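Colleague: Residues per chain, in single letters:
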Amino acid sequence: MRKTLIFALSVGLMGGTALAQEQRWDGADDLPVNPLDCAGAPGEVAAKPYDGGQPNNPPDLAGKELVLVDVPKLIGIGYFNATSKGMQLAADELGNVKVTTDGPTKANIDEQITFIDNFITRGVHGVLFAANDPVAIAPVLKKALDKGIHVIGYDANAQPDAREWFVNQAEFNGIGKALIDNMAAEIGEDGSFAIVTSTFTTPNQARWIAEMWAYQQKCHPNMKWLETVEAQEDNILSFNQATTLINKYGPELNGLFGMTSVATPASAEAVTQAGKCGEVAVVGLATPNGMRPYVQSGCVKSVVLWNPVDLGYAAVHVARAVADGKLKPGDTQVDAGKLGTLPVVNGSEILLGPPFVYNMDNIDEFDF
Amino acid sequence: MATADPRAAMPGRLHGLMLRHEMVLAAILVAALFVLSLQTDRFLTTDNLLNQGRLMAEIGLIALPMTYIIITAGIDLSVGSIMGLCAIMLGYGWKNLGLPLELSIALSLLIGTIAGAVNGWFITRVRVPPLIMTLATLALYRGLAEGISQARSVRGYPDWFFVLGQGELLGVPTQLWLLLVATVVAAVVLARTSFGRMLYAIGSNETAARFSGLPVDRCKIAIYALSGFTAGLAAWIFVSRVSTTRSDMGTGVELDVIAAVVLGGTSIFGGTGTILGTALGVVLVQLLKNGLALTGVKGDATIVVIGSVLILSILVSNWLRARRGVD
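Protein sequences appear in the order of chains A and B.
Residues 1 to 368 in the numbering used here are what the first sequence lists, from first letter to last.
Residues 1 to 327 in the numbering used here are what the second sequence lists, from first letter to last.
Fair warning: there could be bad hints in the mix.
[Stated by the list, open to error] Here are the computed distance ranges between Cβ atoms for each label pair:
(1) Gly78/A - Ala301/B: 15 to 25 Å
(2) Ile77/A - Leu312/B: 24 to 34 Å
(3) Ala106/B - Glu93/A: 53 to 63 Å
(4) Gly307/B - Arg24/A: 47 to 57 Å
For the record, the hints were derived by calculation from the structure and aren't laboratory data.
Predicted, not measured: the structure shown is a model, and the values here were computed from it.
Ideal placement from N, C-alpha and C gives every residue a C-beta, glycine not left out.
Bound-form chain A, shown alone:
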């Protein structure tokens, strides 16, 4: 039923041109794709009316001290320590912003709601959040808006009408481009590669593979897709699947994509243990901590993700711009300090920019 719906939807969206479209690769979804320009020019921003919510009579804070709280999914892990570090950085730089981070010690939506609720009572000017659940968090965020508090999301979105803006760390087509470009740089324009993903129907991974496929068709047409294998998000299964691919294709296999933060290090481990470092390139989405040994040994050259420090930094700049009246519904860009101007996409989202590539030179600066 769901598949039929998605199919009908995608056919409807793509209209007549869809009929001419080839079969997509295994593990890609059927949604419309939007490959970026090969040269790296920013993608076209689809115009969409502002769909966020608005606070009820917020106090005029232009140029005045701004008190923000940051409620991430959970505290005490490297990733959100990094976003919180970026927020402090922006606050220090701006001088008139105070931001404190506090939240649950487990990624628990119930506790996160209670934290935000308490902050509303305590009285703050703005709430920054990374939602544990987009719908469950909405009532408490709407309550904040109702009390005149600015609400900005980052990392994990809520329903659009429950917050003003959302800082989006990466769009699917941006990730697709970064992965394919880095692979092409390592294995050449006519290299062949295989993919280790979670499952063919996992939404994010399926979206990324569809965008990778579209971008490869457009910009690196001679690269060859060998196979996509499913490995859940299981360490041992990912390792076994990657090893099977290495044995099955032998010298024909030039590169492996890891689509999850589990599959990428497991693929790197499989290549290392097979003694194929330098022959089989590994490119994928993963965290620096998981990939550090392979990057330092030189077996992996590029790990694609976003920079969480920049993500937190941008969120504070967005909050400041909103309070100062410099970012209003309908605006198309916002000034974000050292990150330059960031574009508004999807109505009420701010795009952090192209994904960040971790390599031997910068990986030691990150701990998450």
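Starting from the known structure of chain A, arrange chain B on it as the hints suggest.
Modeller: Then chain B, alone, in the frame of chain A:
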């Protein structure tokens, strides 16, 4: 010997009043209210207190049958998982099975009751210790919830559904009324009925209770079923409050509930405990969490304070009991 009795050092009336665990708790609660209200003017406001009432309704409800269960020297670790299972069944019945929402709510309450009764049946008939049995169903029911939901959440409930979790009645959150009524009923049943006295009898000496001809097994199945039903009720309130269902709802609730009950003076070995104590325990934990958050204490430090209060209150209570010479 009479001169060495510490009781002689204290006037009779004051002595009886001071030594009740509930009094110790109430004193701590008043002290905490006082200190916290000095720290921030946003704490002791009607708005904030009513809002805290809304947030503690689920824990408070589940704590009532938990008090019964712990009085009989049992424990129910599966309440959080039953809450998750009921939340999922509520959404699943409505969205996937196409039941009317009212029927789906009834179904989810029924499933909660059955889940609790299953605990009770195994504990009494198969003689599985309550700790082991409910530890097993803690995993089992959570697994069912995750399996049935397939990690998908159900949203888009009609407006009337949100009255329970987000609405107000006479200016007081709807679920707080429910909690108040349930607490009074639970207190009266425990203190004034033969059922209540039976719970104490089972907890004090189960063998003696059996030989006295009390229906021990039926009573135990009833309280575990009641616990499951209440967890289902809490799930309904929670889904209504946050407007979506997730399979991880209620994770860790069992620990909050048991902490509040034990803080309220119910002995984990059975035989003693009151609903008033449990209510004070629930309120104290909730207001401490809220007050500390409002004064700017971070989340991790707050749990440290809560843990310390729990230990302290039990130490004080034990010390007083030892002085009194009871037990």
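Colleague: When the hints from earlier in the document are held up against this structure, which numbers fail?
Modeller: none
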